[in-house]
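Place chain B on chain A using the hints.
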Amino acid sequence: MVRNMTGREFILKTPLGVEDILALRVGDRVFLSGELYVARDATHRRMLSEVAQGKELPFPIHGAVLYYAGPTPPPPHEPVGSIGPTTSRRMDPYLAFFLERGLRATIGKGERGEEVKQLLEKYKAVYFIACGGAGAYLSTFVVSQEVLAYEDLGAQALFRLLVKDFPLMVAYDAFGGDLFEEGKIRYRRILLYHRENSNRGE
Amino acid sequence: MKEIWVFDIVEKVKNALLEINIRSDAALRQKMLDALVAEESEAGREMLTQILENYVVAEERRLPLCQDTGMVMAEVRVGSEVSIRGGNLRQALDEAIRLAYREGYFRKSIIADPFFGKNTQDNTPGVYFFEWVEGNCLEIDLLVKGGGCDNITTLGMLEPGSTPDDVERFILRELDRKAALACPPLVVGVGIGGNGAYALFLASRALSRPLGSLHPDPRYRELEKKWCEDINRLGIGPQGVGGRVTCLEVRIETYPCHIASFPVGLVCSCHVFRRKTLRW
Numbered sequence: 007m008v009r010n011m012t013g014r015e016f017i018l019k020t021p022l023g024v025e026d027i028l029a030l031r032v033g034d035r036v037f038l039s040g041e042l043y044v045a046r047d048a049t050h051r052r053m054l055s056e057v058a059q060g061k062e063l064p065f066p067i068h069g070a071v072l073y074y075a076g077p078t079p080p081p082p083h084e085p086v087g088s089i090g091p092t093t094s095r096r097m098d099p100y101l102a103f104f105l106e107r108g109l110r111a112t113i114g115k116g117e118r119g120e121e122v123k124q125l126l127e128k129y130k131a132v133y134f135i136a137c138g139g140a141g142a143y144l145s146t147f148v149v150s151q152e153v154l155a156y157e158d159l160g161a162q163a164l165f166r167l168l169v170k171d172f173p174l175m176v177a178y179d180a181f182g183g184d185l186f187e188e189g190k191i192r193y194r195r196i197l198l199y200h201r202e203n204s205n206r207g208e
Numbered sequence: 323m324k325e326i327w328v329f330d331i332v333e334k335v336k337n338a339l340l341e342i343n344i345r346s347d348a349a350l351r352q353k354m355l356d357a358l359v360a361e362e363s364e365a366g367r368e369m370l371t372q373i374l375e376n377y378v379v380a381e382e383r384r385l386p387l388c389q390d391t392g393m394v395m396a397e398v399r400v401g402s403e404v405s406i407r408g409g410n411l412r413q414a415l416d417e418a419i420r421l422a423y424r425e426g427y428f429r430k431s432i433i434a435d436p437f438f439g440k441n442t443q444d445n446t447p448g449v450y451f452f453e454w455v456e457g458n459c460l461e462i463d464l465l466v467k468g469g470g471c472d473n474i475t476t477l478g479m480l481e482p483g484s485t486p487d488d489v490e491r492f493i494l495r496e497l498d499r500k501a502a503l504a505c506p507p508l509v510v511g512v513g514i515g516g517n518g519a520y521a522l523f524l525a526s527r528a529l530s531r532p533l534g535s536l537h538p539d540p541r542y543r544e545l546e547k548k549w550c551e552d553i554n555r556l557g558i559g560p561q562g563v564g565g566r567v568t569c570l571e572v573r574i575e576t577y578p579c580h581i582a583s584f585p586v587g588l589v590c591s592c593h594v595f596r597r598k599t600l601r602w
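So the sequences go chain by chain: A and B.
Under our numbering, the first residue of the first sequence carries the number 7, and numbering increases by one thereafter.
Under our numbering, the first residue of the second sequence carries the number 323, and numbering increases by one thereafter.
The hints are simulated quantities; they were obtained by calculation from the structure and are not laboratory data.
Fair warning: there could be bad hints in the mix.
[Claimed, not checked] Quick look at which bits of chain B chain A covers, simulated, 3 or more residues with Cβ under 8 Å:
| hint | region |
| --- | --- |
| 1 | 364-377 |
| 2 | 386-392 |
| 3 | 547-557 |
| 4 | 561-571 |
| 5 | 589-595 |
[As the list claims (entries may be wrong)] With the Cβ distance kept under 7 Å, some of the chain A side facing chain B (calculated, not the full set):
| hint | residue |
| --- | --- |
| 6 | P77 |
| 7 | P81 |
| 8 | I89 |
| 9 | E117 |
| 10 | C137 |
| 11 | G141 |
| 12 | T146 |
| 13 | L185 |
| 14 | Y193 |
Every residue gets a Cβ at the ideal spot worked out from N, C-alpha and C, and that includes glycine.
Excised from the complex, chain A in its bound form (with noise of 0.2 Å):
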């Protein structure tokens, strides 16, 4: 389905809460404040693995938002390094656990697999994108950072970080929009026979 990508412009605090959440749709931008979990594909293991030993979760899941995010460590005249998104779809797998237990979003960036839109869906949960390879440019949104567990795991850490007006853009939304899909459908200007009945992800 076609929507009219809005354009529209929301300024969000973490903890996010349900109606948040269902005010947005695809291609809204978002400028979020507040706390930030980073967590890339070592990271998400280790904290399954630590819950299914009886660990609690080291960050407050309640509202959170993930970052999937692996920065470059800090200089030392910068609070923090580089720290654009990574792929998120190699976290879809992980997804599923943070929603039951009160996650609201993830950002990161490209597509991500059929299942998760129904999650979101479920859950009552969004998925934002930030500019991928613009690195140095989203940590100026970057008040500070910390390491909050795993530390061995080095850029894999859980980091957390206090962020400003951090820029997002609704990608898929609570209701099964999804942003990569739409923007095709409307800027396509050539066929491709091979696809236009199959779905993508195959």
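Leaving out everything else, chain B in the frame of chain A:
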């Protein structure tokens, strides 16, 4: 014999790696400005604007353009009349990477073994290709690419006797599914011919050409232009949000091939196109 000292190679490669990870070159900036003018999608323009802002911030604050400072690839051509003095070329390249990634506070992303390894902590080793050529020149093409765009690398073993249209269709289908994951707008390298392994090498090598350089053969120049235009008709757009600009340039490299096969390698760089050629 021309003598080239290893310490000189280390120094120049190190400086080049520091530079390409932090500074966008003028040609790339111009390309991105052109893209911003051409882009119709509001979301796409927003992404391009952030990409342009990123160039300024990275240079001013000496931060890497992208947090994924990649695995370094070097394609080295050693002239027959060149003598490398004071050490070993491979070790020199590793040393340059080690120094640059420490000094630049770049991310160390290399694991010593795919299954059983730990992070090497210094981003070594790089991936090196050595070629021996005639003459007294040493040339090193450096290419830095992150994991995101490397993950869409594809080899197609097409039918022998494939036409340019067949190859284009293959590329469009692959990019239609994968380009949004690789941080578009992309620089697209296409290697055609040789064998499977060599086609991928050719596609990688195609990325070593500077932006704006034209293919010497007008027939391939035409194809590069047409394929780029058609990729931009896919509608994927900057960062995949929908739009007109998905591809900055297509480069084609070819080699003779076997009558029974038609290998096509597809290797892309994300919009943070980090390359430099060094010459001695």
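Taking the hints in turn, this is what the structure says about them:
Here the region 364-377 of chain B counts 9 residues with a CB under 8 Å from a CB of chain A, which clears the bar of 3, and the coverage holds. Counting residues of the region 386-392 of chain B whose CB lies closer than 8 Å to any CB of chain A gives 6, so the stated coverage by that chain holds, three being the minimum. Counting residues of the region 547-557 of chain B whose CB falls under 8 Å from any CB of chain A gives 4; the rule of at least 3 is met. As drawn, the region 561-571 of chain B meets chain A at 6 residues by the rule of a beta-carbon pair under 8 Å; at three or more, the given contact holds.
Counting residues of the region 589-595 of chain B whose beta-carbon sits less than 8 Å from any beta-carbon of chain A gives 3, enough to reach three: the coverage restraint holds. Contact between A/P77 and chain B, as hinted, is supported at the beta carbon level, the nearest pair being about 5 Å apart and thus within 7 Å. With a least beta-carbon distance of about 4 Å to chain B, the hint placing A/P81 at the interface is held under the 7 Å criterion. Taking 7 Å as the C-beta cut-off, the interface hint given for A/I89 holds, the closest approach to chain B being about 5 Å.
The closest approach between the C-beta of A/E117 and any C-beta of chain B is roughly 5 Å, which is under the 7 Å cut-off, so the hint is satisfied. Satisfaction of the interface hint for A/C137 is found here, the shortest Cβ-Cβ separation to chain B being roughly 4 Å, below the 7 Å cut-off. Annotation: A/G141 was flagged as interfacial toward chain B, and the flag holds, the nearest CB pair being 4 Å apart, inside 7 Å. A distance limit of 7 Å between C-beta atoms decides the matter here; for A/T146 the minimum to chain B is near 6 Å, and the interface restraint holds.
With a cut of 7 Å, the hint placing A/L185 at the interface with chain B holds, because the nearest CB-to-CB distance is about 6 Å. Given hint, A/Y193 at the interface with chain B, holds; its Cβ is 4 Å from that chain's nearest Cβ, closer than 7 Å.
In terms of the numbered hints stated before, the structure departs from none.
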